[in-house]
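*Asks:* Now for the letters of each chain:
Protein chains: 2
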Amino acid sequence: MKALVYTANQEMTYREEPIPQPEPGDALVAIESVGICGSDMHAYLGHDERRVPPLILGHEAVGTVIDGSRPGEKVVLNPLITCGVCTDCLAGRQNLCANRDLIGMYRAGAFAEQIAIPERNLIPVPPDMNAARAALTEPGATGLHAVLLAERASARPISEARALVLGAGSVGLLTALILQDKGVTRVDLAETNALRRKTIEMHTDCRVFDPLQSAPETAGYELVFDAVGNSITRQSSIASVCSGGVIVHIGLMDNKGEMDVRAMTLREITFIGSYTYTPVDLKRTLEKLYSDALGSLEWVEQRPLAQGARAFDELNNGLCAAPKIVLNVASPG
Amino acid sequence: MKALVYTANQEMTYREEPIPQPEPGDALVAIESVGICGSDMHAYLGHDERRVPPLILGHEAVGTVIDGSRPGEKVVLNPLITCGVCTDCLAGRQNLCANRDLIGMYRAGAFAEQIAIPERNLIPVPPDMNAARAALTEPGATGLHAVLLAERASARPISEARALVLGAGSVGLLTALILQDKGVTRVDLAETNALRRKTIEMHTDCRVFDPLQSAPETAGYELVFDAVGNSITRQSSIASVCSGGVIVHIGLMDNKGEMDVRAMTLREITFIGSYTYTPVDLKRTLEKLYSDALGSLEWVEQRPLAQGARAFDELNNGLCAAPKIVLNVASPG
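Heads up: the sequence lines are chains A and B, in that order. For the first sequence, our numbering begins at 8 and goes up steadily by one. For the second sequence, our numbering begins at 8 and goes up steadily by one.
In short, the hints are calculated from the structure, not lab data. Among the clues, some could well be false.
Given that identical chains are not distinguished, each listed pair holds provided it fits within a single copy or across any two copies.
[Unchecked claim] Derived SDA-like pairs: lysine to any residue, alpha-carbon spacing no greater than 20 angstroms straight-line: (1) 290 with 54; (2) 9 with 335; (3) 9 with 91; (4) 263 with 243; (5) 290 with 130; (6) 263 with 274; (7) 263 with 239; (8) 295 with 25; (9) 189 with 302; (10) 295 with 328; (11) 290 with 224; (12) 205 with 218; (13) 295 with 218; (14) 295 with 313; (15) 205 with 274; (16) 263 with 131; (17) 263 with 317; (18) 205 with 71; (19) 189 with 294; (20) 290 with 250; (21) 9 with 20; (22) 189 with 109; (23) 205 with 126; (24) 205 with 323; (25) 189 with 328; (26) 263 with 246; (27) 263 with 98.
Since we're looking at a predicted model, the values are computed, not measured.
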């Protein structure tokens, strides 16, 4: 089969790879569409020691079962493979499973014509649903999960909140769209890339601004979502959140810099690390995407998998106007 | 009147001071008992730029109204003076008021025979309640507030949690006692001072241990309360809390050191800054103390206010076995 392989630092190679061999309990899925995630970019730049080349990256995937108990079914993949028997899994917090694995990390991912994955990681997709739209399920669920954590920690219903989202990649943008869908009073989106801002202005009704030109209002937000996760956005989060407010930290860009814990204590700020999603988050997000609750999604750009290497290069150089690039696998023929 | 005045770095002076002049809306209260807080110690050591000598410290106070609308009434002081009209005050989150003041900080405190304080800061005390016991209302409310924040952020009821409390000064110990009163499965208390550990073992049924000898169980606790608040206890909190767990940061010892935000994100940890208490927290804590819900409180040591300087010196040198020293004002006569 053809696959887009991370072969070395800043090198993606579209080449022939062996067809994956399903293990007991696995299905074989023909991939139709698969998104490029920030964490794929992170690996491509050599910043993720867990992702070692040569490796097929990619985990935001939709496809059709070609071997398994439900052949012919259209499915989204839950990329997080968990044990299913620990207390966290049994409690519905599968994302906390200490034995979790992720496709495109220690095992082959979905930038390929086919993937082997446990049957229990398949989520049925309505047959008439557009594949590129369904491929947003995973980043969308990351946003939904963060919003639900914020909701539990908030003193008042989040529909009354003012929210700031830092970073308008797909997770940040989908977080903003989910907040709007939940009726949050005001959602501001900070993004430094002018091309992305223009795309978002054109295709959504999000309020997007350049934080380098106009800083977010000091202590102005009950909720702040950090979809970047570096020392600058963490400082900005603490400065922007109001006393008693909630910061949800989603991004994993770096682990540097002190945080002003004194201010966080005197101002009673809640800081929540948010990691991926649960299977229920994925299902609910798929429903939102299918029902158009998150808008037209015209900000998604589609390209052929065969041209994936160029997409990585353009993303790395800030040349992409789209918050999300979805790679489509050509129909075999 | 007599007062214990913070006159210089590591110098407390028991001396004659002018009787405070109540402003409109103030009551004049004759102090009966007043506890020494960690923040008083912090000031005494010159570590709190908000508390400038000469200053009468002290804010954990109980006394009797001698001039005001309810003369003769026994009261606990709510030391936090807030505007009463901002959104936070109106929402019952008075501790977040941007215009808050605290007795013993920018204005005179309660290490004195008398204090002037707004009438609305008086909390009635049952006439038969022991004054030294009532003086624990303020540190107890700090613990209750932290526990209530943890309760809101917890995925499951906290009665099912294992909890770790770092630091067994009065706030840490009262936090542990409140957790026990709430039926929390297991409460471990970490304290480096051997004298204090012995007192706690003698007078409570808390499990207390020396974290320098035996580290708390890695990822062993759903709830961690940091009643110290320095870079070491923050690291220990992150190491000790389980995935998906909650850290409540109460102490304000220092503001140094990086936090492992990557681990906090991948393990989905919630970190909450907790600042003081609300008026309702104070009332509820007073009720708990009056009803013996927090035990016999025999770990409290009482001394005369006139000997307060020596108490500060002994506390500073780790010579005090009691987690709390309450200073009693001699009856005038």
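*Asks:* It remains to establish, for every hint, whether it holds in the given structure.
*Replies:* Right, here's what the structure says about each hint:
1. In this homomeric assembly, residue 290 and residue 54 never come within 20 angstroms of each other (Cα to Cα): the closest approach is 31 angstroms inside a single copy and 52 angstroms across copies.
2. Taking CA atoms no more than 20 angstroms apart as the test, residue 9 paired with residue 335 passes inside one copy only; the shortest distance there is 12 angstroms, against 82 angstroms between copies.
3. Taking CA atoms no more than 20 angstroms apart as the test, residue 9 paired with residue 91 passes in neither setting, with 32 angstroms inside one copy and 67 angstroms between copies.
4. In this assembly of identical chains, residue 263 and residue 243 lie within 20 angstroms of each other by CA distance both inside one copy and across copies; the values are 14 angstroms within and 18 angstroms between.
5. Proximity of residue 290 and residue 130 under a CA criterion of 20 angstroms is satisfied intra-copy only: 7 angstroms inside one chain copy versus 51 angstroms between copies.
6. Only between protomers do residue 263 and residue 274 lie at most 20 angstroms apart by alpha-carbon distance; the minimum there is 17 angstroms, versus 22 angstroms within a single protomer.
7. Taking the shortest alpha-carbon separations for residue 263 and residue 239, both the intra-copy value of 9 angstroms and the inter-copy value of 17 angstroms come in at or below 20 angstroms.
8. Taking the closest pair of Cα atoms, residue 295 and residue 25 never come within 20 angstroms of each other, the shortest separation being 36 angstroms inside a single copy and 68 angstroms across copies.
9. Proximity of residue 189 and residue 302 under a CA criterion of 20 angstroms is satisfied intra-copy only: 13 angstroms inside one chain copy versus 46 angstroms between copies.
10. Taking CA atoms no more than 20 angstroms apart as the test, residue 295 paired with residue 328 passes in neither setting, with 24 angstroms inside one copy and 60 angstroms between copies.
11. For the homomeric pair residue 290 and residue 224, neither the shortest alpha-carbon distance inside one copy (35 angstroms) nor that between copies (36 angstroms) is at most 20 angstroms.
12. When the C-alpha separation of residue 205 and residue 218 is checked against a cutoff of 20 angstroms, the pair qualifies only within one copy, where the shortest distance is 15 angstroms, while the shortest distance between copies is 54 angstroms.
13. For a Cα distance limit of 20 angstroms, the shortest separation of residue 295 from residue 218 qualifies neither inside one copy, at 29 angstroms, nor across copies, at 48 angstroms.
14. Proximity of residue 295 and residue 313 under a CA criterion of 20 angstroms is satisfied in neither setting, with 30 angstroms inside one chain copy and 69 angstroms between copies.
15. Within a single copy, residue 205 and residue 274 get their C-alpha atoms no closer than 35 angstroms, and across copies no closer than 35 angstroms, so neither meets the 20 angstroms cut-off.
16. For the identical chains of this complex, residue 263 and residue 131 are neighbours neither inside a copy (40 angstroms) nor across copies (49 angstroms), given an alpha-carbon limit of 20 angstroms.
17. Proximity of residue 263 to residue 317 under the C-alpha cut-off of 20 angstroms is found in neither arrangement, the shortest distances being 30 angstroms within a copy and 43 angstroms between copies.
18. In this assembly of identical chains, residue 205 and residue 71 lie within 20 angstroms of each other by CA distance neither inside one copy nor across copies; the values are 34 angstroms within and 66 angstroms between.
19. Taking CA atoms no more than 20 angstroms apart as the test, residue 189 paired with residue 294 passes inside one copy only; the shortest distance there is 14 angstroms, against 40 angstroms between copies.
20. In this homomeric assembly, residue 290 and residue 250 never come within 20 angstroms of each other (Cα to Cα): the closest approach is 34 angstroms inside a single copy and 23 angstroms across copies.
21. Only within a single protomer do residue 9 and residue 20 lie at most 20 angstroms apart by alpha-carbon distance; the minimum there is 10 angstroms, versus 82 angstroms between protomers.
22. In this assembly of identical chains, the alpha carbons of residue 189 and residue 109 never lie at most 20 angstroms apart, being 29 angstroms within a copy and 39 angstroms across copies at closest.
23. Within a single copy, residue 205 and residue 126 get their C-alpha atoms no closer than 40 angstroms, and across copies no closer than 57 angstroms, so neither meets the 20 angstroms cut-off.
24. Proximity of residue 205 to residue 323 under the C-alpha cut-off of 20 angstroms is restricted to the intra-copy arrangement: shortest distance 18 angstroms within a copy versus 60 angstroms between copies.
25. Proximity of residue 189 and residue 328 under a CA criterion of 20 angstroms is satisfied in neither setting, with 27 angstroms inside one chain copy and 54 angstroms between copies.
26. Taking the shortest Cα distances, residue 263 and residue 246 sit within 20 angstroms of each other both inside one copy (17 angstroms) and across copies (18 angstroms).
27. For a Cα distance limit of 20 angstroms, the shortest separation of residue 263 from residue 98 qualifies neither inside one copy, at 33 angstroms, nor across copies, at 36 angstroms.
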